[in-house]
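> Sequence:
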Amino acid sequence: MDALINEILNPVLPNPDNFPMRLRLPVIEISSRGSLGKTQLLYYICAVSTLPIRLKGKDSAVVVIDCPCKFDVKRLYVVMRGYAIKQQSFNNQKPLTDRQLHKTILGALTHVHIFQPKNSGQLLATIKNIKPYLYGETEHKHLSGRKKVDCIMIDGISRFIWEDRFHDYGAVMVDEDHPDWINLWGRYEEITNELRAVAISLCCFIVITNIGFNLRYDPDKAPVLYTPGDKLTQYRPAKVTAWHRYYEPWRLDLPTRPPSFTRPYLTHVLPQPWTPFVNVKLVLQRAKDSVPRFPKGTSMLWAIKNRESHLAAVNNGGIVGFADPIGLGGGLQRSVQAVNNGTGNFYLYIRKTEVDVTT
Numbered sequence: 001m002d003a004l005i006n007e008i009l010n011p012v013l014p015n016p017d018n019f020p021m022r023l024r025l026p027v028i029e030i031s032s033r034g035s036l037g038k039t040q041l042l043y044y045i046c047a048v049s050t051l052p053i054r055l056k057g058k059d060s061a062v063v064v065i066d067c068p069c070k071f072d073v074k075r076l077y078v079v080m081r082g083y084a085i086k087q088q089s090f091n092n093q094k095p096l097t098d099r100q101l102h103k104t105i106l107g108a109l110t111h112v113h114i115f116q117p118k119n120s121g122q123l124l125a126t127i128k129n130i131k132p133y134l135y136g137e138t139e140h141k142h143l144s145g146r147k148k149v150d151c152i153m154i155d156g157i158s159r160f161i162w163e164d165r166f167h168d169y170g171a172v173m174v175d176e177d178h179p180d181w182i183n184l185w186g187r188y189e190e191i192t193n194e195l196r197a198v199a200i201s202l203c204c205f206i207v208i209t210n211i212g213f214n215l216r217y218d219p220d221k222a223p224v225l226y227t228p229g230d231k232l233t234q235y236r237p238a239k240v241t242a243w244h245r246y247y248e249p250w251r252l253d254l255p256t257r258p259p260s261f262t263r264p265y266l267t268h269v270l271p272q273p274w275t276p277f278v279n280v281k282l283v284l285q286r287a288k289d290s291v292p293r294f295p296k297g298t299s300m301l302w303a304i305k306n307r308e309s310h311l312a313a314v315n316n317g318g319i320v321g322f323a324d325p326i327g328l329g330g331g332l333q334r335s336v337q338a339v340n341n342g343t344g345n346f347y348l349y350i351r352k353t354e355v356d357v358t359t
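Everything in the sequence shown is counted per UniProt numbering, starting at 1 for the first residue and increasing by one.
A couple of the hints might just be wrong.
Said to hold, decoys possible - Here are the simulated lysine-lysine pairs, BS3-like style, with alpha carbons at most 27 Å apart:
1) 103 <-> 70
2) 128 <-> 103
3) 128 <-> 70
4) 128 <-> 118
5) 352 <-> 103
6) 103 <-> 74
7) 86 <-> 148
8) 74 <-> 58
9) 352 <-> 94
10) 86 <-> 58
11) 56 <-> 128
12) 56 <-> 352
13) 352 <-> 58
14) 305 <-> 352
15) 58 <-> 131
16) 103 <-> 58
17) 70 <-> 118
18) 70 <-> 148
Derived by calculation from the structure, the hints in this document are not laboratory data.
Kindly produce the complete structure, drawing on both the sequences and the hints.
And the structure:
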């Protein structure tokens, strides 16, 4: 995952002057179709950001804006403990005792700041007050004010979108001075502007989770990109004619050319100001070797009987993640796909005692 993000944000390009300005601020959106480990990945990022350096952490602070109000601190503790134990096994240092490890994790948790807004207005107010909250006046300065803020996380950014659409005066054609109505476009434009300003002032990156909708592509496959470097003679003609049968019969046995993808793999329901704000889109989906859901026609008795074994197999199954490179340009698309031994993927394993991210 780090290799993918680094390739997108710090590419080796022949002409760096043409590098888009919007890619220089890391804004990472993690999306999937439904519940598929996005929040678990945030727990993992929290562990890496806040644990001390001797445990392969960054010894920093993080800000978590929990829109669905489901961010579980107990689960975060378990993930941090699993990450710390795993890193100790890799080092030759003397491992910490259970008491020392517990104290270390509690110390790191004091620098995880969780906010739970109830609507988009409170979300905007929370973003505006992040810096005053951490670095206010001397007598009110928070303990984390002595640490660097590593990242700002927003879990479930689309949590308030349907309520906001209902109150959008531009959609229902009511008086814009009505106290209950908002300007949907202006509200999310202000949210993105405030996020950008806070991230720049704190020198941190932004991680956001969002629900995606697949409207065009095969949900079980990552998109295969057609690049300008591919030759048309490598593929079967789109429309076979008598000319092809006579002069190029060998092309009739070639595979069909993959489509040229010009739209994102997953779409979202947020208004337009959100689309140019995000520059790294990571998509999560079940790995091919994972256990599928119960098939149609399964009896309730059979499902109950096999529930525990099925759940254990699902928990041991992996989640594959890949970068959606649409909008990054052809050269950057090819370099992103070449990451991690040419797969462009990373793998997420969610277990009872840890969250593991591997290539």
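> Which earlier hints turn out false for this structure, listed by number in ascending order?
As far as the earlier hints go, 2, 11 are violated by this structure, in ascending order.
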